[in-house]
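So the protein sequences, as listed, match chains A and B. The C-terminal position of the first sequence is numbered 254 in my numbering, with every residue numbered one higher than the one before it. The C-terminal position of the second sequence is numbered 132 in my numbering, with every residue numbered one higher than the one before it.
Calculated directly from the structure, the hints in this document are not laboratory data. Hints are not guaranteed to be accurate.
[Said to hold, decoys possible] Heads up, simulated PhoX-like pairs for lysine-lysine below, C-alpha to C-alpha not over 20 Å straight-line:
1. A:K181 - B:K78
2. B:K91 - A:K180
3. B:K62 - B:K88
4. B:K77 - B:K62
5. A:K159 - A:K205
6. B:K78 - B:K62
7. B:K88 - B:K57
8. B:K57 - B:K78
9. A:K205 - A:K242
10. B:K42 - A:K180
11. A:K242 - B:K77
12. B:K78 - A:K205
13. B:K42 - B:K78
14. A:K181 - B:K42
15. B:K91 - A:K181
16. B:K88 - B:K42
17. B:K42 - A:K159
18. B:K88 - B:K78
19. A:K181 - A:K159
20. B:K88 - B:K77
21. A:K180 - B:K62
22. A:K194 - A:K153
23. A:K242 - B:K62
[To be verified] Chain B stretches covered by chain A per the calculated footprint, using a threshold of three residues with CB under 8 Å from any CB of chain A:
24. 35 to 41
25. 62 to 74
The beta-carbon is built from N, C-alpha and C at its ideal position, and this holds for glycine as well.
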Amino acid sequence: GAVVSQHPSRVICKSGTSVKIECRSLDFQATTMFWYRQFPKKSLMLMATSNEGSKATYEQGVEKDKFLINHASLTLSTLTVTSAHPEDSSFYICSATGFPNEKLFFGSGTQLSVL
Amino acid sequence: GENVEQHPSTLSVQEGDSAVIKCTYSDSASNYFPWYKQELGKRPQLIIDIRSNVGEKKDQRIAVTLNKTAKHFSLHITETQPEDSAVYFCAAIHTGRRALTFGSGTRLQVQP
Numbered sequence: 140g141a142v143v144s145q146h147p148s149r150v151i152c153k154s155g156t157s158v159k160i161e162c163r164s165l166d167f168q169a170t171t172m173f174w175y176r177q178f179p180k181k182s183l184m185l186m187a188t189s190n191e192g193s194k195a196t197y198e199q200g201v202e203k204d205k206f207l208i209n210h211a212s213l214t215l216s217t218l219t220v221t222s223a224h225p226e227d228s229s230f231y232i233c234s235a236t237g238f239p240n241e242k243l244f245f246g247s248g249t250q251l252s253v254l
Numbered sequence: 021g022e023n024v025e026q027h028p029s030t031l032s033v034q035e036g037d038s039a040v041i042k043c044t045y046s047d048s049a050s051n052y053f054p055w056y057k058q059e060l061g062k063r064p065q066l067i068i069d070i071r072s073n074v075g076e077k078k079d080q081r082i083a084v085t086l087n088k089t090a091k092h093f094s095l096h097i098t099e100t101q102p103e104d105s106a107v108y109f110c111a112a113i114h115t116g117r118r119a120l121t122f123g124s125g126t127r128l129q130v131q132p
């Protein structure tokens, strides 16, 4: 299947700092990328949908000023958690779909721990 | 929006037995239903999917059935092996959004 790369895999940071997570599609053009959040033993909850070159669409209850999403190219989307707090600690995972494969592929995830 | 319910939340079977996980969805316009397998701390891996124009699809030990009228679909794993142990998520795509809605997950444990 297609390859989606996500970095970093693990981040530990102090409360109040910002953290940037990158998601790259390595062998296809990702016209749409999705960002999910997953708490321990829970399902994946969609945070936002981003289309290349346009503003992200956020799900209800997700603060767009706190979770900044940029999808400037067909191969890269970034999620920045601004002024992170302990309650933001979670597993963040991106997914991408696009030409030529319309199926959805996931990045490897980022475990964020805010102290 | 779409709502996907998944049962059971946990499932324990003996090696060699079959396992069945069931999901229901609410949006009759949904037309794509993938199943993912997720191991602890890893990314979800697509294991099988089905589109609404077919009722059943099989890939070796894994099969998925879809009943559009009842709006439910099921994952069937035969001859289970310990390496099948993981969390399985069903999902449905909400027409026009291209964003998957996931079920709550089923933790499958295959006892050797």
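Checked hints:
With a C-alpha separation of about 28 Å, the suggested pairing of K181 (chain A) with K78 (chain B) is violated against the 20 Å cut-off. The suggested pairing of K91 (chain B) with K180 (chain A) is violated, with an alpha-carbon distance near 26 Å, which exceeds 20 Å. About 31 Å separates the Cα atoms of K62 (chain B) and K88 (chain B), which puts this hinted pair outside 20 Å; it is violated. Restraint check: the Cα-Cα separation between K77 (chain B) and K62 (chain B) comes to about 26 Å, which exceeds 20 Å; the hinted pair is violated.
The suggested pairing of K159 (chain A) with K205 (chain A) holds, with an alpha-carbon distance near 12 Å, which does not exceed 20 Å. About 25 Å separates the Cα atoms of K78 (chain B) and K62 (chain B), which puts this hinted pair outside 20 Å; it is violated. The straight-line distance between the Cα atoms of K88 (chain B) and K57 (chain B) is roughly 23 Å, outside the 20 Å bound, and the hint therefore fails. As the CA atoms of K57 (chain B) and K78 (chain B) are separated by approximately 16 Å, the hinted pair is consistent with the 20 Å bound.
Restraint check for K205 (chain A) and K242 (chain A): the C-alpha separation of about 29 Å exceeds 20 Å, so the hint is violated. Of the supplied pair hints, the one linking K42 (chain B) and K180 (chain A) holds, its CA atoms being roughly 18 Å apart against a limit of 20 Å. The suggested pairing of K242 (chain A) with K77 (chain B) holds, with an alpha-carbon distance near 16 Å, which does not exceed 20 Å. For the proposed pair K78 (chain B) and K205 (chain A), the alpha carbon gap of about 43 Å is over 20 Å, so the pair is violated.
As the CA atoms of K42 (chain B) and K78 (chain B) are separated by approximately 16 Å, the hinted pair is consistent with the 20 Å bound. The hinted pair formed by K181 (chain A) and K42 (chain B) meets the criterion: a straight-line CA distance of about 17 Å does not exceed 20 Å. Note on K91 (chain B) and K181 (chain A): the hinted pairing is violated, with a Cα-Cα distance of about 23 Å set against a maximum of 20 Å. Using a Cα cut-off of 20 Å, the hinted pair K88 (chain B) and K42 (chain B) holds, with the two alpha carbons roughly 14 Å apart.
Between the alpha carbons of K42 (chain B) and K159 (chain A) the distance comes to roughly 37 Å, so the proposed pair goes past 20 Å and is violated. Between the alpha carbons of K88 (chain B) and K78 (chain B) the distance comes to roughly 18 Å, so the proposed pair stays at or under 20 Å and holds. Taking the CA atoms of K181 (chain A) and K159 (chain A), the gap is near 23 Å; set against the 20 Å cutoff, the hint is violated. Distance hint between K88 (chain B) and K77 (chain B) is fulfilled; the C-alpha atoms sit about 14 Å from each other, no more than 20 Å.
Our distance criterion of 20 Å between C-alpha atoms is met by K180 (chain A) and K62 (chain B), whose separation comes to about 13 Å. Under the criterion of a C-alpha separation no larger than 20 Å, the hint pairing K194 (chain A) with K153 (chain A) is inconsistent with the structure, at around 28 Å. Pair hint K242 (chain A) plus K62 (chain B) holds up; C-alpha atoms about 19 Å apart against a cutoff of 20 Å. For a cut-off of 8 Å, the count of residues in the region 35 to 41 of chain B with a CB near a CB of chain A stands at 0, and the three-residue condition is violated.
Taking a C-beta to C-beta cut-off of 8 Å, the region 62 to 74 of chain B contributes 6 residues in contact with chain A, enough for the three needed, and the coverage statement holds.
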